[in-house]
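Engineer: Read top to bottom, the protein sequences are chains C and S. Take 1 as the starting number for the first sequence in our numbering and just add one per residue. Take 355 as the starting number for the second sequence in our numbering and just add one per residue.
What the hints contain is simulated information worked out from the structure, not anything from laboratory work. C-beta atoms are modelled at their ideal positions from N, C-alpha and C, and glycine is treated no differently. Where hints are given, some of them may not hold.
Unchecked claim - With a straight-line cut-off of 25 Å between C-alpha atoms, the simulated SDA-like cross-links for lysine to any residue are:
{"hint": "1", "chain 1": "S", "residue 1": "K590", "chain 2": "C", "residue 2": "R18"}
{"hint": "2", "chain 1": "S", "residue 1": "K374", "chain 2": "C", "residue 2": "P89"}
{"hint": "3", "chain 1": "S", "residue 1": "K599", "chain 2": "S", "residue 2": "R555"}
{"hint": "4", "chain 1": "S", "residue 1": "K472", "chain 2": "C", "residue 2": "W31"}
{"hint": "5", "chain 1": "S", "residue 1": "K374", "chain 2": "C", "residue 2": "G142"}
As the list claims (entries may be wrong) - A few chain C positions that, by computed beta-carbon distances, are all more than 10 Å from chain S:
{"hint": "6", "residue": "T5"}
{"hint": "7", "residue": "P34"}
{"hint": "8", "residue": "P50"}
{"hint": "9", "residue": "I115"}
{"hint": "10", "residue": "G120"}
{"hint": "11", "residue": "R182"}
{"hint": "12", "residue": "K197"}
{"hint": "13", "residue": "P219"}
{"hint": "14", "residue": "A286"}
{"hint": "15", "residue": "S304"}
{"hint": "16", "residue": "G311"}
{"hint": "17", "residue": "T312"}
{"hint": "18", "residue": "E327"}
{"hint": "19", "residue": "D331"}
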Amino acid sequence: MPRFTTVALVAGAALLVRRAVRSRMSTAPLWPMPALDTPISGYGRGSTVPRKVRVAGRAAPAEGVVELRLEGEGLPAWQPGAHVDLVLPSGLVRQYSLCGDPADLSAYTVATRLIEEPQGGRGGSREVHEQLREGVEIEIRGPRNRFPLVDSPAYVFVAGGIGITPVLPMLRAAEAAGADWRLVYCGRSRATMPYLKEIEALGAGGHLTVVAEDESGFPDLRFLADLPDGTAVYCCGPDGLMDAVAAAMPEGRAPRLERFTAAATTGGTAFEVELRRTGRTLTVAADQSLLSAVREELPGITYSCRQGFCGTCRQRVLEGEVDHRDELLTDEERDGSMLICVSRCAGKRLVLDL
Amino acid sequence: MSNTQPAPVASEHVELKARKVSFDWEETPLHWVPGDPFTTHTINVLHLLLPAGERWFVHVYKQALPYITDDRLREDVIGFIGQEAIHSQAHDDVLPHLRKLGLDPTPYTAHVDWFFEKLLGDRTLPPGRPRRWWLMERVALIAAIEHYTAFLGDWVLNADALDRAGADPTMLDLLRWHGAEEVEHRAVAFELFMHLDGGYRRRARTWALAFAALMFLWQRGVRFFMENDPSLLDPKASFADFVRKGRQGVLPSTPAMLRSIPRYLSRAYHPSQEGNTAQAMAYLASSPGANGGR
């Protein structure tokens with residue numbers, strides 16, 4: 001009889017334990033193993049998944065300009081000044097500034113001017129105009145922002161033609177923030193300048209100067225010379241305009257520029273890199289990668305793909321402006337770190353935490 | 355020591371490099387082996403373990419790199435690191451899709467994250483021998499795990515039954531691209547372990563640990579998926595199912611898995627004795643995902 005009691009007790013205890021374990025496992029599947037407070041897995045960059053959008057609308061905001069509304073699911077949030085890469089049906093990759101409403105995450109809006117081959121077009125804008133009909137699905141990359149709008153009480157924007165696209169959301173943001181803004185908007189003729197009406201309607205708190213070449217020639221930028229301190233200057237447009245704005249700025253101040261032309265992704269200029277913890281300063285030659293220069297000093301440094309997508313060679317940047325050329329890091333990660341296998345210095349000197 | 359030294363069977367050394375991949379999950383259904391949730395979820399456990407696990411491989415190998423004195427091995431390890439980093443990202447990117455289909459993996463992956471980030475992470479050890487001991491222990495664990503990833507890679511490259519069952523082509527491509535790279539770099543983890551340590555007792559001990567941990571994580575993972583699958587009314591999973599599916603060829607066969615145990619524990623073991631590099635390279639050349647998603 002005592003044996004029966006023992007068996008019954010053990011069986012009862014086993015059942016209770018099983019129930020207890022089961023109930024814990026329903027909330028913690030690997031109980032009794034703890035869980036990480038902030039899970040990492042499953043919240044990555046999504047860098048191996050193509051982001052698809054569908055052309056949901058086409059409009060013509062000006063002569064020779066097509067505006068596309070690109071609808072997609074789970075589109076990331078963006079800030080004024082951001083651009084996306086469009087992977088066109090032929091495989092060409094082109095960058096276009098987002099010019100829609102940042103609060104609308106169901107679609108991105110881009111606008112493209114057709115640039116014919118004799119004017120230096122390389123086929124991308126022609127493909128956008130001819131192939132991206134409504135319903136066409138394409139892959140996009142990004143958005144990324146290398147032309148961010150800083151907080152400022154006053155802004156001056158200078159836009160040339162289709163260069164208005166990154167500036168348009170900036171104007172709306174400046175207007176919403178109650179900042180004092182001024183826009184000099186130039187173009188060949190009013191008919192070729194997109195979003196004119198929209199900007200004129202916006203101009204309550206701002207100051208708009210439209211300079212159409214066929215009416216009034218080139219813009220007068222002399223006002224930039226006595227710009228008060230603390231006014232942020234943004235310029236996007238043809239190279240000639242951006243050079244003119246840079247030249248018109250007071251000594252020691254530079255405008256923020258967004259260049260449309262294909263970024264030089266190969267080669268570069270020589271620069272200096274300081275390895276702060278090692279206490280050495282190296283020179284990176286124009287035809288040399290930052291990684292290969294650092295490897296001469298620190299042979300054990302980690303890297304792998306050497307093409308800017310695996311992320312192994314990521315290093316912290318302490319000082320200096322980085323020319324990011326990788327395909328992996330998010331804007332937040334780019335703020336303070338870089339992939340040294342492909343990215344370079346945008347200025348003369350970088351300081352790495354190495 | 356006997357005369358059976360571990361050595362590669364053939365000089366089929368290939369230069370390892372990470373491949374940029376692209377997988378579009380848009381069309382992949384929840385039960386990507388049609389009508390077979392048990393097989394689907396047994397393989398899905400890979401997506402729970404590999405993002406954190408392969409991130410950990412990279413983390414450990416970055417620390418092992420300075421100890422390597424053989425230049426060719428260092429090149430191999432560098433290639434290995436990049437491949438593992440991409441594997442981790444690619445499997446990680448499946449998880450949001452599962453979440454979208456109504457099967458949130460986070461309750462499970464948060465544990466796996468703790469397991470690799472904390473339990474197997476860097477410890478506050480005095481420099482010198484204790485720190486090196488912990489590094490070697492982890493290098494040996496990775497060698498044991500890589501024995502199984504190479505086994506699974508070889509299996510999935512040859513698992514025609516999955517094609518016949520109508521498995522989702524994107525998921526099959528992910529598994530076979532990954533499997534092929536595992537076959538391609540199957541010797542690296544073992545050679546690194548032999549180069550840095552090579553002790554047989556450590557090899558056997560870490561094998562037992564890795565095997566037990568994998569069994570534990572895997573069976574809990576299958577149960578987790580089956581119980582949380584919104585489309586299943588009778589979420590039962592048993593070892594008998596596993597054996598049965600193994601016989602059908604849609605999962606690895608149990609006898610083949612058992613036979614692989616003594617092979618790893620043999621003193622003459624070298625990973626080049628298993629798998630087929632040529633087959634792996636052929637797959638990689640034709641894989642849509644490994645060729646830019648086209």
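Engineer: Against each hint, give a clear statement of whether it holds in the structure.
Structural biologist: How the hints compare with the structure:
no.: 1; hint: S/K590 - C/R18; result: holds (17 Å)
no.: 2; hint: S/K374 - C/P89; result: holds (20 Å)
no.: 3; hint: S/K599 - S/R555; result: violated (34 Å)
no.: 4; hint: S/K472 - C/W31; result: holds (16 Å)
no.: 5; hint: S/K374 - C/G142; result: holds (17 Å)
no.: 6; hint: T5; result: holds (33 Å)
no.: 7; hint: P34; result: violated (5 Å)
no.: 8; hint: P50; result: violated (5 Å)
no.: 9; hint: I115; result: holds (27 Å)
no.: 10; hint: G120; result: holds (28 Å)
no.: 11; hint: R182; result: holds (43 Å)
no.: 12; hint: K197; result: holds (38 Å)
no.: 13; hint: P219; result: holds (44 Å)
no.: 14; hint: A286; result: holds (25 Å)
no.: 15; hint: S304; result: violated (3 Å)
no.: 16; hint: G311; result: violated (6 Å)
no.: 17; hint: T312; result: violated (6 Å)
no.: 18; hint: E327; result: violated (8 Å)
no.: 19; hint: D331; result: holds (18 Å)
Figure legend: structure checked against the earlier numbered hints; hints not met, in rising order: 3, 7, 8, 15, 16, 17 and 18.
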